[in-house]
Amino acid sequence: GAVVSQHPSRVICKSGTSVKIECRSLDFQATTMFWYRQFPKQSLMLMATSNEGSKATYEQGVEKDKFLINHASLTLSTLTVTSAHPEDSSFYICSARDLKPTGGLNKQYFGPGTRLTVT
Amino acid sequence: DQQVKQNSPSLSVQEGRISILNCDYTNSMFDYFLWYKKYPAEGPTFLISISSIKDKNEDGRFTVFLNKSAKHLSLHIVPSQPGDSAVYFCAASAWSGAGSYQLTFGKGTKLSVIP
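Just so you know, the protein sequences line up as chains A and B, in that order.
Numbering of the first sequence is given in our numbering, commencing with residue 167 and proceeding in unit increments.
Numbering of the second sequence is given in our numbering, commencing with residue -10 and proceeding in unit increments.
By construction, these hints were calculated from the structure, which means they are not laboratory data.
One thing to keep in mind: the hints can contain errors.
[Unchecked claim] In silico DSS-like cross-links for lysine-lysine, where the CA-CA straight-line distance does not exceed 25 Å:
(1) K273/A with K57/B
(2) K207/A with K96/B
(3) K180/A with K232/A
(4) K273/A with K(-6)/B
(5) K43/B with K186/A
(6) K(-6)/B with K232/A
Make a model of the complete structure from these sequences and hints.
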């Protein structure tokens, strides 16, 4: 099946610093990538939708200046958490949508996630 | 406002028996439904899906049933195996105003299959 990678898998940073998370589709092209955030025992919450070559669309309540998203190519999107605070500690998961539909249906593939801890 | 609800946070089933995971939704614009399986510290993996024009889709041990009038879907796993132990997320898809399909997830149900 299609593979989506995320790097790093785990990061610990100090409060006030910025952290960049990479999301790559390894064996397919994705015009659209999604960034989710998951708190313990909670659902995956969509943060933003990223389209290649254009600005990301952020969900209500998500600060676009804090969570910078860049989707520079069909295989790479990055999420930068700027001036991180302890409340930003969470599990961040990216997802990529295959450009080619399979059986007439687009499928969305998820990365393994990045555990961010801000101290 | 939770548009996709999985009211059972956990479920325990004996190996070999049937596992039934339930999901309810409120948004009538949802037209495609998916189930994902997730292990700790990993991203969700796609399991099975169903279009709103169908009421049943089967793939091996996994069957998803959709009752549109009740806005309810369920995932049946028969027979259940210990390797099925994971968190199962129900997700629903609708066309968003941003020009793309978006997935809305439920909170998940943790399935434990007891050997």
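Cross-check of the supplied hints:
1. K273/A with K57/B: holds, 22 Å
2. K207/A with K96/B: Measuring from Cα to Cα gives roughly 7 Å; hence the hint holds.
3. K180/A with K232/A: OK: K180/A and K232/A at ~16 Å, within 25 Å.
4. K273/A with K(-6)/B: holds, 22 Å
5. K43/B with K186/A: violated, 42 Å
6. K(-6)/B with K232/A: Outside the cut-off at roughly 29 Å; violated.
The earlier numbered hints that this structure contradicts are 5 and 6.
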